[in-house]
Each structure stands twice: as C-alpha cells, then as structure tokens.
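S.K.: Sequence:
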Amino acid sequence: MTEVGNQSRAPEVRQETMWKIAKPSTLGSTKIRLVKVQQAGDSPAEGGTYQKAMSDTAGGQIQPESSDSSSMSSSRSELFDRTPSNTESDDTGLSSVSSAERPDPFSSKDLIKETPRSYATVATTDGARKRIALSPPRPTSSSLAEGGQDGTTRSESMSQTQEDTKTPGNVSPSKPSPRSAPRDQGPASRRDRWRASSSIPAALSWEEYGRQCILAANMSRLNPYALHQGEYRLLRDRLPTNKATTYLNIRNGVLRLWTRNPLVSVTLEEAAGCAKDSRWFDMAVFAYEWLVRNGYINFGCIDVPRPPTYPPRGRRATKQITIAVIGAGMSGLGCARQLEGLIAQHQDKWINKGEHPPKVLVIEGRKRIGGRVYSHPLRSQVRGSLPNGLRNTAEMGAQIITGFQHGNPLDAIVRGQLGLHYHLMWDEIVMHDSTGKAVDRERDILVNKIHNDVLERTSDFRIRPTVNETMEGLQDFIDVCQEPVQADFDARAALQRANEESVDANSTGQDRSQVVPPGFAKLQGRTQVVAGNSSSRTAAQAARAAGWELRPGISRNHSLNLDNVVKSSGKPTLGSTMDEALRQYQHLVQLTPQDMRLLNWHYADLEYANAAMVSQLSLGGHDQDSGNEFEGRHSEVVGGYIQVPRGLMMLPHQLDVQFDSPVKTIHYSPAGDTAATIECINGEKIEADKVVLTAPLGVLKAQAINFEPALPDWKRGAIDRLGFGVLNKIVLVFEQAFWDEQYDMFGMLNDAEKEQSLDPDDYAKGRGKFYLVWNCISNSGRPMLIALMSGHAAHAAEVTPTATLLKEILSRLSRTFAPKPVPAPIEVIVTRWKKDPFTRGTYSFVAPDTQPGDYDVMAAPVGNLHFAGEATCGTHPATVHGAYLSGLRAAADVMEDLVGPIQVPQPFIPDKDISGSPSVDLIERPSPSSIIFRKPSANRPRKSSTKIKTEPIADAVPPTPNVPAINPYRSASSTRWTEHTDQEAALQSFIAAQIGERPLRPTRPGVNPFLVYTAEKWNECKAEESVVKAKSTGDPNARATRNEIRIAIGRNWRLLSEEQKKPYLEQCETAQQLANEARAEWERRVDSWDREAKKLRTEWGQDHVAGIGEHGKVEV
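Residue numbering for the sequence shown follows UniProt numbering, beginning at 1 and increasing consecutively.
Possibly wrong hints are sitting among the right ones.
Under the rule of at most 30 Å between Cα atoms (straight-line distance), these lysine-lysine pairs were calculated in the DSSO-like manner [claimed, not checked]:
(1) Lys437 to Lys685
(2) Lys1031 to Lys1095
(3) Lys754 to Lys359
(4) Lys685 to Lys701
(5) Lys715 to Lys353
(6) Lys367 to Lys765
Label pairs and their computed distance ranges (CB to CB) [as the list claims (entries may be wrong)]:
(7) Glu1058 to Lys567: 24 to 34 Å
(8) Glu1016 to Asn448: 54 to 64 Å
(9) Trp1082 to Val1028: 18 to 28 Å
Derived by calculation from the structure, the hints in this document are not laboratory data.
Just so you know, these numbers come straight off a predicted model, no measurement behind them.
Just so you know, even glycine gets a beta-carbon here, dropped at the ideal spot from N, CA and C.
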C-alpha cells in the first residue's frame, strides 16, 4: 500500500500484564470476566511504529520496520448470556456486548513470541472443573421469583456428581496429580454419574425448549429436522429411521447448550444430560463427538475439557507428531486453534502410548498475522476517540461481517468469546449521480426492480442441484422435543403410501430422493447449486407491476428471450446474459442514460461481491453459494478486524507462530506414509507429519509454491478452472467530516465512455471506480472514508499512481458535496492486492470454466497435504467466515488421519431398557386407525418467530394449589417424573374417558395456484414435451425428463393471462376460506375441551394427590 501524509507517530508505552478468567462472584452466576494477575518484574514495552520504507514503487507496498500486527486493544465485556433470539438488540452505535479488559500483548512480533501462556481456565470454588451454564435443579417458588421463568441459565453447581471431581489445592483440573486422583478409565467409567435430562431446564415448557433447540441448530448451519451428510454416512446402517427423531432432539439440545453460552466448552456430561433417558447416552456421546470434531461446538478462543491422563510408569515420552499449518490468516489460525483443542481432548490416545501429543506449528511468510484481514494503524492516532484505548485503524482487506445470525461462526467468537465492540450498519444508502446530484429515490427503486428481475431470469440457467440422501426426523415431534412411538410411524407410513400412489399424476417435477430442504442441504454439506426458479410473470408484466410505463405497442405478454445468447456460447457468462436482457428491456420500457448508470452501479456491486468483472462470471454457477447468506445487519469491528485473528492466536493460550518464513517448496507424501518437508525461502527446512496449506488461490495459480511431487491433475485442474479476482480501496483520513455522518455509506454513479450512451458495453470499464464509499467514523474513530474500486477499476488501480487516484476521488467528492469545500486528506492509503506476493488478489469466484464441485476438489487432501482457505469452502467462498470454516474442516480431516473416524458405539440402540424406564410413553394415544397421524403438540410455536404464541391447553392452565402442573409434553421416561408416570397416565386416561381426546389442530391448506396448475397439466405437458424431444432427437422412444417438464410448465404458467389464472386463484381462495372456518371451529371446540379438562384435573387431583414437595416432586 502507498501512504501519503505525516510520517511520524509517537510511540505508545504499554504495560504487559497477565490475565486469567475470574471466578464467578456468586453461586450460579454466569458472568465471565478477565482479571489481572500481578507479577514481579513487569516492565513497559514500546508499541510497534511504522516508518515509510519505500516510495510509490511498483507494488505500492510499505514495509514496516517492526511488525505491522501492532495493536489490539480489546474492549470490555461483562457477559455473553443472551438468548438466541436477541442477537440484534443493538440498533445503533456500539454493541452492548463488549469484551473484558485485557492487555495488549500484540504490539510487536517479538512480544508475541515472548508472552507467557498466562490464559487458563480457573476452577470453581470447590476446585472442580465446571461449566457455568448448566441447568439448575427444579426451581422452587422462591428461586423463580428471584430469577424469573427463563430457566435457561445453568447453575454453577450442576450436580452432586461433580463434587467427586475435586482437585486439591491449585492443581489444574486438566492435569490432575497422580497422588491425589485415581486413574480414570474414560467416559464409560463415568456413566454412572451421568444424569438423563440434567441439561434440560425444568422451568421451560417443551414447546419453548424445542424452539430453542431448533433455533440453535439453525444458528449452527444444521438442519434441525435431518441428519447432516457427515452424520448420515456414519449412522446410515446403525440408526433406525424410527430413532432419527430421538437422535436429532439430543443433537439439537447439545447445540443449544453451546449457542446459549459459547464462552464455556460443552462437556460430555452435559451432552449426556440432553438425553431424556439413559438408554440414549450412546446417541449423546456420538452427537457430542461429531459436533466437536467438525467444529459445530467448542470452537474458537476457549479452553476445552481435557481427559485425565497418566503416562505409563517407567516409560519416557520421546515421539511427537508435528502438524505444520502454512499461513496465519483466518483459515490457518482457525485450523491451528481447532487442532490444539481437538488434540487436547484426545491427548490420552498418545500419552497412554508413551508419546507426546502432537504439536502444531503455524508458518507465516509475512511479519504479521491476519492475511487478507489487515487493520492498518493510522499515523494520526487520537487518544480517546475509541473506547478502551482502541487504536485508530483502516481496514485494508476484509471489513464487513455479513450478519451474525443463521450460523455465522464469528458470532460466537466476536460477540461471545472476545466480546469485541462492533458497529451495526444501516443499509440505507443515498445515490449520487456523476454530476454529484442526489438521485431521485423513487427512480432508484424503479430501476432496482428491473435489475432484480433480470437477475431472477438469469437464474433459469443455474446448474441443477445435487441430490443429497439423508435421514429425517418427524418435524412435529422435534418442534416440541418429543419422541414418537411406533404407532406414529405406522400412521405416517400409511399416509406416504397413499401419497405415492398419485405422485406420477400430480408430481411437481421435484426429485423424490431429495429429502433435504434446499436451504438446509447447502448450509454445511457439499457444494450445492440452487436450481433456477424463474419469474412467474412476463417481463412486461413485471415492469408494469414495478411501476414502469410500457412502450406503445407492447402487450403484457411480451417477455425476454435469453436462450439465443446463452446457446451461442459453450461457456455463457453472467455479464453477456444480463447485457442482452437490458437490451431487450429497452424495447419494453423507456430507459434513460441515468437509468443505465444506476443499472451499471448494481453491476459494479456484483463485481465487488465476486472480485471480478461480470463478464468473467459463470452464468450457471456464479451464485452457487446462494441460500447460505447469514441474517442480521452487517457490522464492522470497532478498532480493527485484526482483533479477531489475534484473539484466535492468543486465547486461551498462544499458538506457536513462526513469522517471516515464506514457503518455497513442499515435499509431501502422496501416500501419506512418510513425513513432509517444508523448505522456506530463507533456507530453513521444517519436517512435519501433516501439512495444512492455507495459501490463497492466487498464490497457487501463480505457482509461487513448488510441490514435490507435482500436484495431481485433478487438483491442478480445479486450481486452473476457478477464478481469483481483485478488489481495491482508497482510504482517506480527514481532520473533520464534511459528509452526513448518519449514513454508513453512499453510492456514486459513473458515466459511460460515450456520453449519454444506452449500450451496456460502454459502462464496463468505469462503473466500478469509487462506486461505493463507506463512512468509517464509527469503527475507526477518525473522520475516514473508504472508496471501493471493483471490476476493471480494481485492476486499473494496480498501475495508477496514488496521486492520480487521489485527484480523481477528491474531484468526485467535491461535486457530490458542493458547495461544501472538500479539504485535502491528512492521510491516504491505496491498496494493491494483486501485487501482494502473498495473495496475488483478494478472493475466488466461479469462472465460466469452473465445474460443479471444484470447491470440494480444492478442499480434498493429497496424501499428507491438506488444504484450507476461502477457495476451499464451496458454501461460503470469498468470505472471512468461509475461510474460518475451511480451517475447521481441515482440522477435522487431519484428526481423522491421526485418530481415525468417529466410532459409533456398539450397539448404538440398546436392545432393552437398561435404566428401567418404559420404552414408550405411558400416556394413552389414539390408535392409528382413528387418525391419519398424531401431532405431539396442539400449540406448536412458529419456528420463524421469536415470540411464542401459545394456545391454552388443559395442562397449561394454572393448577390448584395442591395439584402439580405436569406438562403433557414431557416424556414419561423423564427422570423428573419417573416415579409418578403411572399417576400421570391414569390422569390422562381419566380425562380421555370422560371427554375424549383433545381436538387436533386442522392442517394448513397448503394451496398454491401454481401447484394446482402443475398437478392438472402435468400429464398433458409430459406428453407434449415427449413429442418435442422425440422429434428433436430422432428417437421415437424419447421421453421428457422431470426437469424438462417442470421447466415447460413454469414457462406455460408465466405466459397465462390473468383471466386464465383466475380459476386456480379462486380454487386456492376457496380452500383457504374453508381452512379458516375449520380453524375457527377447532378453536371453539378446544376452548370447551380445556375448560372441562381443568375441572376434571382438579377433581382427580383432590382424590389422588396430596400436594407438591419442596423441590417440585409429587407427594402422594
């Protein structure tokens, strides 16, 4: 990068201090904080300073005299104990979730190496190693009055069994003394101390508990109703389909423990507590080990539970495996940190053999960490401009966290563990024309609708999705965390057989083997490409609906024909297809030059998202990661994104990072049977048993690293086919802000090469220059603007002098904010990532040559050489979180090589009840012959809502003082009620005998006019398309495929007039009206049934139950 401005900065004096996690102040407290540990001989250390070492040379880069990883000042944190539905409570300003005060041990590379490992988990008051958020015993009325009804905060003292794990004095729980602790034979010997349901809060209803579990699975990128492909591969022959619901309930419960408090590791004992019966402990063990191994829980900057190990007497450990991770970016540090945790949890496998646990070494070519996450400290530092002494920085690379919700792993790290300050951004943007005048907002919205319609029509040409086979649970039961009985499966099987009889006649063209919902199938499985779903309207209809006036002579049936441009090229691009769509749109509506500038602004935004020109993007796969976007407002880390990789490096203890060691050659073993040798440019050679390479795709494309032997053709082919683009920025720091500080960004339109042109080609070269400008006051603490250069402009910036770019951007800003004067900036930085030898660009994209699955090929190991980085993550490429997820995946691959795949317990499902609990619910249930299938809950909450709307039921009404409120959705085998299941069963039988079963909720109509049309026209369209195919292929026996029929029906539906669609619309409206009437009648019957049930419950309780004991137990 090139810097212009003041070259000197006074060094800051910092006090190196040791820190540790403090004990909770009160019993049951969930607050985590860091406190100072005073040490003798503390001495100040200077923070690293930056000097300009070279002028505006070819690369434009400056070399820091000391490490440019110089400042992390963490913010303060008090607690990460939020509910999953309250992750976006802060609307403006800084987050209320902040981190605990920590030292700044990151001021230079040397300090990093010398900092002792002073971060350790502290035992609780009794010396035992305990998780802070375990569920408490059943709350008394007084405890509920004090703590509320949530019940989701787990007590520090989880059970009496943990009292047995005390360690004397200051002996670390993770390293017990052989003199004071007996040998432990592993999880099997501790099963007698596990308690079923101990991790399920007693104060929660099953509806609320199920809702939290489902939300936790969604937050973890997992389908709450189906097994992940990795789970399915291991369990397909071990898990009966009728037990999939039970397994998913347990797995979702374990995820809930983690998402509620990611500051503390989930233990195996806690995971076992998610099983409602001890018969399912093996399920809990497998779910826990799979989630840990694959980085769904216990990841990030936390200490992990370590098994007690004792090396064999008389044997000294001599052997040690070495794992080398090349690259200290987000993927490399994430992989190394994850490996450290996994190795710690499996250290007994090596120690018991007389070996040291494997060591992990990170090799970094730069003098800093972070890779493409680089927060450059400004020379114009202003103390107090950011909270807690954070430094003023500018983001040279990654800058935006694209939403914390729906599974972003950075949520747990940024907000849950590091507690960093962050600024939530508003997506409101003001567009300025090339003249500087603000664009009319209504016109901007009109043009944006055309752009969206064009994108939607290009989706017709997406690559067909891959079908995944998996195992599903019963959604209605998972919603309330209940286990079905055999009668439920028999009823549903009968319903499925009835549906299959009419599949051919009423098929919608969907592949029956695809049992995973598309949105979930892609979240963490193999690379998936969403099938096209074209607009249901013609282009003319879409334009009219958007508010456009059609040209004279254009009817509503006019649409776009993109088939010719797509078929004219063997490798069609998104750019050529969109350009053709715009040309055809110009025949339908009157587009002005300003409209074209607005449309090309959206082109530039696509080029920013992909770091490539739209003419370089594959038409069928450019958005192959679509559907994986996270939710919530975008945000920026206050004080620098670099705090995230630094936290990964330093917490809970410092990783071994070797700086200034660019790799020249990797000598690996294709068979994986011999060690690898890493040869650095400085001549150093490092031997490692496993190597994880996280170098950017641009480095691999440039063949900057040699491989001995050469990479196989299948790997080299994927490297060549994928694209790797560039995005650049210009950073401007001013003394004072002259722009409207309430907006986080504003857009600037660019003129065509030919004045007032309507040809899309004339806008290609200039549309990305300074097209978007970020207001960075909130995250940098200084009046700062960062202008983006995408597409052609990003490449041009690589060779354009800084002075020229500065002159151009100031001219644009002067026109935009006239008549306000735009002063000269006090600091200017221009990025040139293409010339950076350690990146050769910014991030990957799907080029026309890219084949489906190439991202997975990139991720595949070659012998003992593994790969990670954003270009190996097909579900989230080109992102920081994608890079981090790839590191977790690579760590799991390495661990599988070291310790083997996860072992499935034998037998996985016990043949008989080992705990004495009944194998099925004792509550009487309707027979399969009386209903189609049973729903476990009459008041299932809506999964997409954070507010729970419940309907009254008999067992939910306030009971009389001497009658226990027994939730009918709690399993009869739950340990809380095992002693009294006979009474509960008798009560339910009594109520059913008097007034019958509670009325079932009527099913939703599920009507859709297009589906009704599809069912009616399927056979007709099938015959027509088969005739067309037979003629085109010359094969009289040729038949149209399901996908061809589906596309044809969709095309025919779009061409129907509103009058022709009217019967189908009316049919759906009638069905909806009938459903509403049925719902009203059901609500009336339920209200009557509930009133009668309440009376019967009181009558029965007076004759059979004496009252409620101190701990909520029934006293008979």
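S.K.: A separate judgement is required for each hint: does it hold in the structure or not?
M.R.: Going through the hints against the structure:
Restraint check: the Cα-Cα separation between Lys437 and Lys685 comes to about 60 Å, which exceeds 30 Å; the hinted pair is violated. A C-alpha spacing of about 73 Å is found between Lys1031 and Lys1095, which places the hinted pair above 30 Å, so the restraint is violated. Of the supplied pair hints, the one linking Lys754 and Lys359 is violated, its CA atoms being roughly 61 Å apart against a limit of 30 Å. Taking the CA atoms of Lys685 and Lys701, the gap is about 24 Å. The hint holds against a cut of 30 Å.
In summary, the hint linking Lys715 to Lys353 is not supported, as the alpha carbons are separated by about 36 Å, beyond the 30 Å threshold. Pair hint Lys367 plus Lys765 does not hold up; C-alpha atoms about 36 Å apart against a cutoff of 30 Å. Judged by the Cβ atoms, the range 24 to 34 Å given for Glu1058 and Lys567 holds: they are separated by roughly 31 Å. Restraint check, Glu1016 to Asn448: a C-beta distance of roughly 36 Å breaks the suggested window 54 to 64 Å.
About 48 Å separates the C-beta atoms of Trp1082 and Val1028, a value inconsistent with the hinted range of 18 to 28 Å.
Hints 1, 2, 3, 5, 6, 8, 9 from the list above are not met by this structure, while the remaining hints are.
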